[in-house]
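Fit chain B to the supplied structure of chain A, relying on the hints for placement.
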Amino acid sequence: MVGARITVNGKETPISPAAPHTTVLDFLREQGFTGTKEGCAEGECGACSVLVARPGVDKPTDWVAVNACLVPAAALDGQEVVTSEGLATAGKPGTPPTLHPVQEEMAVRGGSQCGYCTPGFVCSMAAEYYRPGRCAHAEPAEGAESTEDAEHGPNGFDLHALSGNLCRCTGYRPIRDAAFAVGAPADEDPLARRREQSPPAAVATSYIQEGSAFLRKDTLAETLQVLRERPEAVVVAGSTDWGVEVNIRARRADCVVAIDRLPELRELKVGADAVEIGAALTLTEIERRLDGRVPLLAELFPQFASRLIRNGATLGGNLGTGSPIGDSPPVLLALEASLVLAGADGEREVPLADYFTGYRQSVRRPGELIRAVRVPLPLAPVTAFHKIAKRRFDDISSVAVAFALEIEDGAVRKARIGLGGVAATPIRALATEAALEGREWTAGTVEAAARVLRAQGTPMSDHRASAEYRAAMLGQSLLKLYAQTKEAVSS
Amino acid sequence: MSQLSERPEKPVVGVSMPHESASLHVTGTALYTDDLVHRTKDVLHAHPVQVMKAHGRITALRTGPALQVPGVVRVLTIEDVPGVNDAGMKHDEPLFPEEVMFHGHAVAWVLGETLEAARLGAAAVEVELEELPSVLTLKDAIATSSFHGINPVMTAGDTEAGFADSTHVFTGEFEFSGQEHFYLETHAALALVDENEQVFIQSSTQHPSETQEIVAHVLGLSSNEVTVQCLRMGGGFGGKEMQPHGFAAIAALGAKLTGRPVRLRLNRTQDMTMSGKRHGFHARWKIGFDAEGRIQALDATLTADGGWSLDLSEPVVARALCHIDNTYWIPHARVEGRIARTNSVSNTAFRGFGGPQGMIVIEDILGRVAPLLGLDPMELRERNFYRQGQTTPYGQPVTHPERISAVWEQVRANGGLADRKRQIAAFNAAHPHTKRALAVTGVKFGISFNLTAFNQAGALVLIYKDGSVLINHGGTEMGQGLHTKMLQVAATTLGIPLHRVRLAPTRTDKVPNTSATAASSGADLNGAAVKNACEQLRTRLLQVAATQLGAGAADVRIVEGIARALGSDQELAWDDLIRTAYIQRVQLSAAGFYRTEGLHWDVKKFQGSPFKYFSYGAAATEVEVDGFTGAYRIRRVDIVHDVGDSLSPMIDIGQVEGGFVQGAGWLTLEDLRWDTGDGPHRGRLLTQAASTYKLPSFSEMPEEFHVTLLENATEEGAVFGSKAVGEPPLMLAFSVREALRQAAAAFGPAGVSVDLASPATPEAVYWAVQAARGGEVRRDGRTFDTGGEPVRTTALSHA
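Going line by line, the protein sequences match chains A and B. Taken in order, the first sequence gives residues 1 to 491; the numbers are from full-length UniProt numbering. Taken in order, the second sequence gives residues 1 to 799; the numbers are from full-length UniProt numbering.
It should be emphasised that the hints constitute simulated quantities derived from the structure, not laboratory data. From the three backbone atoms N, C-alpha and C, an ideal C-beta is built for every residue, glycine too. Take the hints with a grain of salt, since some may be wrong.
Stated by the list, open to error - Covered, in the sense of this in silico footprint (three residues per stretch, anywhere, with C-beta under 8 angstroms from a C-beta of chain A), are these stretches of chain B: (1) 15-21; (2) 194-203; (3) 369-381.
Stated by the list, open to error - Partner residues are not named here, just some residues of chain B that face chain A (Cβ under 7 angstroms, in silico): (4) G28; (5) D35; (6) H38; (7) E185; (8) G479; (9) T629; (10) T687.
Chain B with its partners taken away, still in its complex shape:
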């Protein structure tokens, strides 16, 4: 067992416990960025001037009328930027644009004594626009070759030979929607210039170091003049990885120019119309199977809707390509990725980061072709699982492939699937208007940032003379329980009770140059860094204890706050040990660091081993569909998921369940619609509020929901044998979509391939049912009066 994965005696990791802030959450006393406004004096409020056109050049911007509005203090425009006018890392995202690139683009910001004054001021700003043609849909972008960024091609084997060897070849197209993050806390920042002339920003950000970097370059300052703190976020899901920077920069610019604290908090509609979302994709594919249903070759082109700027679209597309295989071996593959440039918000990271968009393509294909191959979808999936010694299309050996079938078999057993399939068949035979179906899908998700450099982390651990411990690390808390795990890691490594350890909010002046808390890597990276810092301290303390206990340092253990030498009853309490160490002038603080070993990635060849390991899981979902309306219920979900040896089981189960339901939301309910017509509101997001964009609520949660963590699943390459958990479970929700497809199929004759739009809203399911019945076919199910909505799926043809 590796040193990184080894657990000491009586570890605090592995103990099931609630979130470290649970008591603060339930009493409403946990503070979020915007809660600090009430504690800060003389705050100014920022309001955006949004231009409600999809594309156009600004020919005039008059701020004078805004300044006449009582309470308006200042209007921030491009003229005010002392540094670089850019809010992104690709230098294609002007903070104050001269060209409106999407409907709702903010071109200026008004600062007011009250939010009401700032709002009225923003409404008074006059913007003149020379309107330009706009590209809104993926279909139009593809037709007009409107692309930007990289155009990677992943190849493995000989695709042509693979097709030549295939018994069955199918082609098809599939377009599926993106997803709004809908973190309950919208984007927020509070900036001030502090007593030391430092620009200090409280920001709801997953990436404080990058927020700091961008604020510094906008203000023309060095990074050592800017500090960013993130107390906690009310949800992030990737939406606060890149998107907070510009908002923080606006607040900081306002604070710098006025000398007063500036608060910027988007309301829900501003957040939804201005910030990026999960990329919707278009896929065109050709797949070949042998006579037994084993995949021989895949040729696919995935086009992501990048929106107006690149943001994270390039790595998102890279990850999509790296996950089109999911749990299936594809010996011959050619997969190309493209990024469409459209006049919409700049799409960004969202839990799974392209992984879901890659996987949905192969899961959709398997779901559609299973009836045509005459195979049960479960059987078809099983036949294609990776086996020992096989590699992914990008050349990484698949480690622990046996876990793909281990979680699958366990889910079949836990869910009593054999019996339930019989019960479902009997139910369906007796109910002409209601059908049930049960589908199982698995997930294999690569863990590590695709870009090797990001796989590093730092921590700062301080022990005070009274024996209390304060830990700082570079990760941010967005509800995923990272801080809980980090407390457990520190207590375990030092050998002390949890209550002696406290965690400070994430700040860029404690740990520099951090990576985003993203890619599910928060606990892996920061946990290893915290562990490293604690190990340095422990090594020093064991030396001190050894002298006190008259033993060799190698024979001393600290367990539950008491140091003992092996074979001796003599004890040294933690507080005494610390006091002694201080008197002996032993350093009681340590900076920890971690870099993930063994990664390599050739961006140009699109080959390498970008991932430290893979996370596995499987889900079985049973649904019931009402044939009259297409409405459905999720009756039962069973999940077995591989989190290695869990650092914190209650937290991990929470991540699995929450990820699953969020994934189910993306695939079934959450329906982003834009006005794609040529009317005056062209480019407007039609579903820009909670009343029109529906998240899963209590009525969508599975009526029965059983999550089991795979046992004896030690991951040698990660902290205390654990695995990442944030993103992979989201993709287990494909089981919901496939169950809906199968239930729709059950209304018709056997052997019919059923297309299902994504999201599979009740309406989409209704049209799928009608198609399965061979009746009224309405394939897109999506056209609406503003016109121009892309056709979501096209007929699958047997080539």
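Looking at chain A on its own, in the form it has when it is part of the complex:
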């Protein structure tokens, strides 16, 4: 049997003797790829960003940037990784390497000062450089409409690609200049060509060291069987939550089971009465494959953590951890989504509104997995997601409010409001919904309903925000939505 191995910059490297909890970051550094840096070890700074070859959305393979500090090395068994060292083309001995176009732009424009965050920025930028959807804009045809705005360059570069990378030196301007200056990849660019071939297949993995195991099975049935035998096993997809537990809270597990490549959890179906989203699709995949089909989700994604996290994180994970401050539950509550839970004995469907039972508790039984999220159709026409946080990119919500309203002939026919950060679980604002439904969509109704909304839940004071601000923001979010709907009408 071939041992677990990762192809790093084109060279196959055995993972052994790393421990099963060893991160890709530590594995790479141990191998001498010290360009990959640890800045925070919790997926916040991006100094450890590396490129991974993944099944593509528009091409067979995508180069996707992820936080190497969060992903166990064993999770990349059989996969291909490229680091900042691997982006440059080695020169003859004694001569400097040829810089990758992204590296060249970063270097000549002053995009590095201390240089510590730079390799991570380079990898995140390279992923966006190779994104097929961007390349179409990279050399726009004469007279083509520019897609440029504050967050998108004339070359189609989406700055959100760098939302998970922190720089403490530059103030970002030269990095933005570099990002907005890169062109389209050359035809002979090996990483561009790699996109045209099949992605590395998922590899069944049983990586065991000193009694601790990292397991990946080929099918859902086999995975459920493992979970039945080892109900204490930690289930990971992108490991964006578990990686933090391992690094920051020093948690260790005897058994970790990866589910992110199970085909049964990676389907996306748009039917007549529902959109069914596989629980192990990454948020980036959902965002690109839905392409605005569910506007409330489209509004959520850019505000959900960072691109580096969305490249690993899944809806299954966000719902599975049951955090009261996850950003997807308020949105999915407003959308009246339900969850398809799969167990060794079969499947059942649970409305999300009935799913959470307490702080990080749910009706999901040991051994059950979230297989898919179902969003019923048709969608409410008026939707909004208001995330209150200190920082616009990559922050945790103080409170989050999602609205899905049906307003017909000036009256609210139906209102669904999901709240995060105001209770031990994400909740529906039922009293506020009642205060809106059947009433005229007027300032008077909205102000009265905002007062109700302000009193929903029991927000706490902590280092993110005071309880008073949280409560105020609930009401303000409804007032803001009202103002926006009126502006939309008047403009």
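Below, chain B alone, put in the same frame as chain A:
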């Protein structure tokens, strides 16, 4: 023009170029201290034993259980120190404490074969503690008179007479937060005993000489037995000026005791909970204005949160006092400084070093009183600018005061401010829920270490027979581009192309007794020392060339690597010149030295001329505030900054932009919160990770960002006419804070003074908006369930 500031023909200084390590940075091949572990054999890993209580006496420390953990090699405790058990320069910072002074204080260190083993070992060490009462907040420290260190008072003129002459007198209080450095590279050291029995330490330090000194006294060695090298740092910002010493000493002690290399690298949470930060301050003030809004008198008391030990708190407070005037003439002043002793990390240097904390007080006052004086804040600021012949409250004449208005006027013109103010007024009239505002603030920052002795530097320049040049100097590279500038200085002085010069990593065995790379002085001091060494070499080489070219040495120039005599076509290439010099037995190495002339400082009287010169700048910032939430965006920033004649324009612009955004982070987003309640976690830093302590990210960068360097700005007193740049631009970010204040005010009626907490988080801005509207007032905006958080601002009263 002075010899120091004069530039020769075709200088390499002044040429815009990227960082000298840019290609290494982007390819991930630039090495930092912890990257060396993988190249070193048999390394042991160190992990701290942190005690999670704010204050207490250690009654027992049992290391036995740790030694049972597989892979644990040794536990370092106070018993192991052969020399002095102290990690600071004030002898108030025991390396191994017997009393836990703050939540997270490390009391012992475990060495393991792996970091995992060391971590498990540290968790197994048993510490018993007799808990003691703790002082956590500035408010409590002031109430209980918990102070340490100096208590300077700066006086100028007659304050009482000044108030008597004032038409308007205001009093107020203001408390503002500190700031975590959050250099991307956490503290790191790698120590070994080398083949020559020398203790050799790779350290991420801004002050290698002091790291060396402290390692030597901890180990009971002489400085000549200890060498410290700093390859480069992944950011420093002042956080690696004093703080690395103890970590280096632990690694060195471990290496000495085990005979194996020891690596110490803090993870982010350890770094944030154990190392000092920018001092938060409390200010109480009284200010008087005449009928035209000119400041007559200021009486203020500034109290810095020093934390548990003094560290650099004394000079930080001194610099705060020296910068409370900023660009404004205060004829009568009495300003007192105090250092609170609290049970928290020992606060330390951070870019600006007290300067920002002094300046924010006067900028906050002006922002708050402008509406009450019926003046536009820009107008109020302009009326108070220093004019020719005026001196600071500490008695230093303000040189080039005309540059204060020069950069100000240029920023107004560059930013098209007149038009934009009209556009903003129109926008605000049309948008009830969104308001914009534009604010301009300036900066005057004194350059030199306040302590005169530190204003010296050395360099060692070597020319090899093949004509290649190797330079060593005492400064460290932390991303600020010092090494790039030093290469440019050497190439310019010698008259050779840049690629012939290489720079060696900073080491204490090349240049001794160096000062910290701090106080923005790195290029001024080390540049002058490098220049001095190169001038010695050039003088010798010109003599050699003169003989070869048959001319007088005074008539020979070396330009772009070719020596020529004036009026002659004969050329002598650099390589030939060097070979000839070697054969003629001319010394091809030189030690350079520089001391800043003309400084004097009377610590007791708090008077003198501590600064060689002042750096000036002005920034105009436009923000947009969402009235529903207090969330905001920085729409546009225009800056004009005085760096003298830039040594390296791309580097300098990078410093201006980066400093500005870092300052904006301090003032808006970065929110240090401690558990100040009486629960079991009293004293714990609540924002101890990147997930809870938010730095500016791409979403906070100004959408439009224009930085211009002031032209024709030669500084006679500095190397090649340049000025320091590291710290001053950070303080341009006051324009962000003042713009937010003005935008909040725009939601309410005119003429209302708006208090704004610092940091001005969206929540703080929301409460400011509510207050301006005359609605829901929640002045502190800061109380939380663990209780006891100080009220950030108090009502300004019209006395």
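Verification of the supplied hints:
no., hint, result
1, 15-21, "holds (count 3)"
2, 194-203, "violated (count 0)"
3, 369-381, "violated (count 0)"
4, G28, "2 angstroms, holds"
5, D35, "4 angstroms, holds"
6, H38, "6 angstroms, holds"
7, E185, "5 angstroms, holds"
8, G479, "3 angstroms, holds"
9, T629, "6 angstroms, holds"
10, T687, "5 angstroms, holds"
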